[in-house]
Amino acid sequence: MTNFFTDYLKTTDDRLLTKWTQYFDTYTRELTRFRARPVSFLEIGVFKGGSIPMWKAFFAPGSRLTFIDIDPACAALAEPGTTVAIGNQADPAFLAELAAQHGPFDVILDDGSHVCAHQIASFENLWPHLAEGGLYMVEDCHTSYWPGFGGGYRNEASFIEYSKRLIDRMHSWYTDQDDLFPFDPIARELHSVRTYDSIVVAEKRTKTEPPTTVYAQNGQVRLSRRALEIRGRKSAFAGKDGT
Numbered sequence: 006m007t008n009f010f011t012d013y014l015k016t017t018d019d020r021l022l023t024k025w026t027q028y029f030d031t032y033t034r035e036l037t038r039f040r041a042r043p044v045s046f047l048e049i050g051v052f053k054g055g056s057i058p059m060w061k062a063f064f065a066p067g068s069r070l071t072f073i074d075i076d077p078a079c080a081a082l083a084e085p086g087t088t089v090a091i092g093n094q095a096d097p098a099f100l101a102e103l104a105a106q107h108g109p110f111d112v113i114l115d116d117g118s119h120v121c122a123h124q125i126a127s128f129e130n131l132w133p134h135l136a137e138g139g140l141y142m143v144e145d146c147h148t149s150y151w152p153g154f155g156g157g158y159r160n161e162a163s164f165i166e167y168s169k170r171l172i173d174r175m176h177s178w179y180t181d182q183d184d185l186f187p188f189d190p191i192a193r194e195l196h197s198v199r200t201y202d203s204i205v206v207a208e209k210r211t212k213t214e215p216p217t218t219v220y221a222q223n224g225q226v227r228l229s230r231r232a233l234e235i236r237g238r239k240s241a242f243a244g245k246d247g248t
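Under this note's numbering, the first residue of the sequence shown is numbered 6, with each subsequent residue one higher.
Rather than coming from a laboratory, the hints here were simulated on the basis of the structure. A hint or two may mislead.
[Unchecked claim] No farther apart than 27 Å at their CA atoms in a straight line, the calculated lysine-lysine pairs in the DSS-like style are these: (1) 169 <-> 209; (2) 212 <-> 169; (3) 61 <-> 24.
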C-alpha cells in the first residue's frame, strides 16, 4: 500500500534516509492528523540529514521543525524553515534550553543514539515539554534487546521495560497498594502507550479527575467513582502529587 512516505522515497536526493520499512505505516497511522495545521516537531537524530526534507514535505507550511544531533557537522544540514541544534540528547541542561527556545512540541520523535539510557533520559526531560494532545515516539526500540545498547531480554534498564512501567504508572489510579505502588502524577496526563514493531508511542492528554464509571439503564445515565472509593484508595482523589 502506498502512502506519503513510500511515495516520498522515490523523490529523495543524495542525503541518505534510513528507516525500517514498517515505520511508514506507523507514521501514517499516528501522524496524519497533524498535517492539517502548522505544528512544532522535534526529531532527535540527524545523521546524514535525509529525514529533514521528508518531514518538511510532510507537515504543513509554517510548521516549526527542530532537529538535534551530537555531531557538529549536522548543523550544516539545516534547511530554510528548520533548525538543527547540536547537543547531547541525554543532557538535561541542553534539552531544557532547547525546549525553552523551540517548545512546546506537538510531536517528538527519538531517532537518536538508540542507547536505552539516552532514550529514557530524553523522554523524562522532554515529556513535560510535549503539548497537550501531542505524541512522543521512540524508534529503534529493538535495541532494547541488544546488550551493546544497554538492553537485553527483560533488562530493567531497557527502554522497552521502561515503557512497560509507563503502562503501570498510567494505571496507578486503580491500585490500592499504596505502599507498593503509590499514585504516579503521570497518570493525569498519559493517555495511552502504543507499541508497534520497534516503535513506542506515548500520547499526552490531561485528565484532571480520576476515571469515572458510567451506568446507563432505561435512558437514565449516572456517573460514579465508587469502584475506586470502595477499594480504599485515597491518593487518586488528592492533589497533583497524589498526596
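So if I understand the rule, the pair passes when the alpha-carbon distance is 27 Å or less; does residue 212 with residue 169 pass? holds, 20 Å
Sort out whether residue 209 lies within 27 Å of residue 169, counting only the CA atoms. Holds. Residue 169 to residue 209 sits at ~16 Å (cutoff 27 Å).
Need the status of pair residue 61, residue 24: alpha-carbon distance at most 27 Å? holds, 17 Å
Of the numbered hints listed earlier, not one is contradicted by the structure.
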